[in-house]
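Those sequence lines, one after another, are chains A and B. Going by numbering that gives the first Met the number 0, the residue at position 102 of the first sequence is 101; the numbering climbs one at a time, nothing skipped. Going by numbering that gives the first Met the number 0, the residue at position 568 of the second sequence is 567; the numbering climbs one at a time, nothing skipped.
Hints were generated in silico from the structure; no laboratory data involved. Since this is a predicted model, take the numbers as computed values, not measurements. The C-beta atom is built at its ideal place from N, Cα and C for all residues, glycine as well. Check before you lean on any hint, since a few could be wrong.
[Stated by the list, open to error] Just the calculated beta-carbon pair ranges, DEER-fashion:
1) B:606 / A:288: 28 to 36 angstroms
2) B:631 / A:288: 29 to 37 angstroms
3) A:205 / B:462: 33 to 41 angstroms
[To be verified] One-sided excerpt, in silico: chain A residues whose CB lies under 7 angstroms from chain B:
4) 54
5) 59
6) 73
7) 77
8) 78
9) 97
10) 100
11) 107
12) 110
13) 132
14) 133
15) 147
16) 293
17) 295
18) 297
19) 311
[To be verified] Simulated crosslink set (PhoX-like; lysine-lysine; CA at most 20 angstroms straight-line):
20) A:286 / A:29
21) B:590 / B:609
22) B:566 / A:53
23) A:49 / B:561
24) A:153 / B:566
25) B:602 / B:616
26) A:53 / B:561
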Amino acid sequence: MLQAIFLVVAQTIVLLAVSPFIVGLIKKVKARLQLRRGASVFQPYADLAKLFRKEPVVSTTTSWIFTATPYIVFASTLAAGLLVPIFVSRTPLNFAGNIIAVVYLLALGTFFLMLAGLDAGSAFGGMGSSREAIVASLTEPAMILSIFAIALTKGSTNLSTIVHKTALLEGIVTDPSPYLMALAALFIVAIAETGRVPVDNPATHLELTMIHEAMVLEYSGRYLALIEWAAGLKLAVFLSLIANIFAPWGIATTLAPAAMGIGLVAYLLKIAGLAMLIGVIECMFAKLRLFRVTDLLGVAFILALLGLLFFYILRS
Amino acid sequence: MLNLFLLLFAGYIAGLLLPLCCPAKPRIQNILAHGSAGLASGAGILLGVTGLFAPEPWTASVQSTLPFLTFAIRLDPLAALFVLTISLVGLAASIYALGYVTEFYGRASIAVLGSLFNGFLLSMTLVVIADNGFFFLIVWELMSLLSYFLVVTEHGKAEVRYAGLFYLIMTHVGTAFIILAFLIFFQGGGSFSFEAFRHPEQPLSEGMRTLVFLMVLIGFGTKAGIVPLHVWLPYAHPAAPSHISALMSGVMIKTAIYALVRVYFDFLGGQFPWWWGFVVLVIGAVSALLGVMYALMEHDLKSLLAYHSVENIGIILLGIGAGMIFQTFGLTEFAALGLLAGLYHTINHAMFKALLFLGAGSLLYATHTRNMEEYGGLLRRMPWTGVFFLIGAVSISALPPTNGFVSEWLVFQSLFLSFHLPTVLLKLMLPLAAAMLALTSVLALTCFAKAFGISFLALPRSSHARQAEEVPITMRIAMGMLAVVCVLLGLAPMVVVPMLDRVVAPFAGLSIEGKVLALDGWALAPVNVEFSSLSPMALALLLIALSALGLLLAVAFGGLVKQRYYKTWGCGINLTARMEYTATGFVQPIKRVFGAIYQPTVKLETELLKESRYFAKRRHFEFHIEPVFQKYLYDPVVAFFIGMAERLRVIQGGSLHLYLAYIFVTLIVLLLFAV
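Using the sequences provided together with the hints, build the complete structure.
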């Protein structure tokens, strides 16, 4: 019991600590590729600290939904993160929910963000919510199918089981094509869900292009800090999912201190690698028009479906 | 149990007769009718619970003077589950009606409305406990007719009359198919008793069984509102008074689910070819997806909710269909899981849909309009209704840790177990159905973000909304009750699953309670902990703890900073409701992306000023989505019948002599046949 509590607390701290770093690292990579110097990778920490200290301005139009949303989004994203194995393959909270629960916890946050976007009464918020809705609805089927393709190879929908088995090289299929297709699909989903280029641009505040930023436009002070932190956490959740499902090597399969130490280092390296990859992608592609996003997400869906098909064909 | 049943019966009959017999003030009639209904449904709740846990099904019967007709009732766990559901929603609707029908004082007869309400509840209860085919058909018809009269309560409005007629015709077409199916059973067993349906003297041939499957699917499917037989739903449900809509959408369409389970798993003994389950699964997936898609485009709050009923019936059928497929291949554990998931969603949907319809009724009561574009800012004016509606919205959007999420999660798990099936087609189709379910649930989330966001948040969009006030206490109690039930159904699967297991076990032949529940019931883990697990309670506690952590972090890093209130930036001018995003605007991207399904037509007319073609004097905007099913499926049928009638009019000369001649000729012809 004590051990379980320690692991949950440790995982909470790692997630909270690592998520601003991911955001900072992506920004840094982008800056370097654009031949700029860029801010320090630790800048997001300073931003959060500054936002927490600032006086928040709340619109008189809003209801309690607006002030409650940042806490709900923060809690649901962090809860989703606690269900994903980070540096120990068997998370103590494994019993609380499988991968579907992770998907739906993230949807809980999205739902309240969409409401908050509408609450202030400005057209920007509504526009953001409406666009977020279409992106979310197109990513979800692809995500469920790609998850299922992975779950099949391990005979489980529990993340801990999937990661643990893969780390111990159990049930590895000889032909990796279902895996690769699911990976590609999940990567596209991750980019869309976390609002990165080419689906959304977190750096923009232009009404023609913004999605997530439009939705949270009215937030300031500690509310904005929580929302930004939650956005970083969401990125961390998706990167952890990809890293640990497809390449769980290095993760601690036992609870020995040395193994956990190695697991933590391996985790940080994997996450940093993926963050840099996202930075590179953000530099290589232009943001897509909203109605072209459907094509990209359609590709993700087809990839996931093909992954499933390949799995069954290879088996039979 | 007999006492409880008699109490229920007497309560509803009292509620049926008392208001009609005593010519009193509407206020007294209201209390008489809905008070008795409340007592009777209270008895129904007890009856349902005792029936669920009774070791043997309870039966009673009274022989009538007619041959084949016996007033037989049988309360097995399946019936008891539905009695419980009907009574719970019935109780909430009765309490709600005490406040709600004050709207109708002077506009409609409260005596008639109240007594029909009692009759409707009684007939629904009898439908699920009837144990004789003939008796079942009588109460089924009674239920349809009474609900028709309730739908046309406001018969002064043309659209209400149209909705009523549409409903009446559709439900009778459905009943015709049910009668045919029952006649096939009768042929095999020589009796209308359900026992004879179950164990006929001569077993039905394969062809006959297939015929029964299809007839029952069409007949009860019409009532349940499966696509493409769903078209009456969005007309009829919104037209009725809101507490009636809650009953119709919440429980009446569920009696069809009851009947489907009864026929497929009980009468036909759970023996069927794989394609039956597959057909049910496909219908489920299509109904779920199209239901939510049409709901998104609806801006009449009650029509929107009616379309969501189509969606949720689809989700229920996904569970049942998966169960049927597993049953065919002898995977009884998974079959039981699928059926259990479907039934779990059935109860959940009854609760949150009733809650949402009561919420919509409260908005109608407070604002006198059903058009969402005229709401706005109501959360501040109606805080209680708002909170209850939000609980309903979160539940129907299947967000953790609510009941809607738990049952949808179970449906997902049963679809994912498809990798145990032997054929590649099914192995692929079930996950594909899961993907469609995922799309459905995100679209439902979008739809309720729209419904709640546009109705309750931001600035009031009309004077109706500005003047809205919170509804009377009885209406709030009813909504609060259902909201609490919704929360409990999600957090306490250790109570719900054993109940459902008792229902499912006789059909599957084994109890899966131990396989579905883990950790003393605090977690669900079908079929074992290694495959999947979910603990709604743990998730709820986790969410509360982490929200507190958020608060703590905010205070730790920033101290207790006071917040400032200021108006929203309106680009330099004062913000008005006309600058807000509308419901139509909100779903525009979805309309565009899924244009192939909606086939939208947009008409924009601009009248320009004479002086300059850059300034418009008047703009007229119209947008429609193509009612595909009505246009290509129903209109041709209607046109055919009207065309036939036109032709037959030739013989209707209007002369009495001519008609006498017809009778004479008919007689001659018949006599010729007789000879």
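Hint by hint, here is what the structure shows:
1. B:606 / A:288: 28 to 36 angstroms: 32 angstroms, holds
2. B:631 / A:288: 29 to 37 angstroms: Given about 33 angstroms between the Cβ atoms, the range holds.
3. A:205 / B:462: 33 to 41 angstroms: Since the Cβ atoms of residue 205 (chain A) and residue 462 (chain B) sit about 36 angstroms apart, the hinted range of 33 to 41 angstroms holds.
4. 54: 6 angstroms, holds
5. 59: 5 angstroms, holds
6. 73: The hint holds - residue 73 (chain A) has a Cβ within 7 angstroms of chain B, the shortest such distance being about 4 angstroms.
7. 77: Because about 5 angstroms separates residue 77 (chain A) from the closest Cβ in chain B, which is inside the 7 angstroms limit, the hint holds.
8. 78: For residue 78 (chain A), the interface hint holds, since the closest Cβ of chain B sits about 5 angstroms away, which is under 7 angstroms.
9. 97: 5 angstroms, holds
10. 100: 6 angstroms, holds
11. 107: 4 angstroms, holds
12. 110: Holds: closest Cβ of chain B sits about 5 angstroms from residue 110 (chain A), inside 7 angstroms.
13. 132: With a closest approach of 4 angstroms, the residue 132 (chain A) hint holds.
14. 133: For residue 133 (chain A), the interface hint holds, since the closest Cβ of chain B sits about 4 angstroms away, which is under 7 angstroms.
15. 147: OK, holds: residue 147 (chain A) within 7 angstroms of chain B, min 5 angstroms.
16. 293: Interface hint status for residue 293 (chain A): holds (5 angstroms vs cutoff 7 angstroms).
17. 295: Since chain B brings no Cβ nearer than about 13 angstroms to residue 295 (chain A), farther than 7 angstroms, the hint is violated.
18. 297: 10 angstroms, violated
19. 311: Holds, about 5 angstroms.
20. A:286 / A:29: 14 angstroms, holds
21. B:590 / B:609: The given pair, whose Cα atoms are some 35 angstroms apart, is violated under the 20 angstroms limit.
22. B:566 / A:53: Measuring from Cα to Cα gives roughly 18 angstroms; hence the hint holds.
23. A:49 / B:561: 15 angstroms, holds
24. A:153 / B:566: 54 angstroms, violated
25. B:602 / B:616: Holds: residue 602 (chain B) and residue 616 (chain B) sit about 17 angstroms apart, inside 20 angstroms.
26. A:53 / B:561: 9 angstroms, holds
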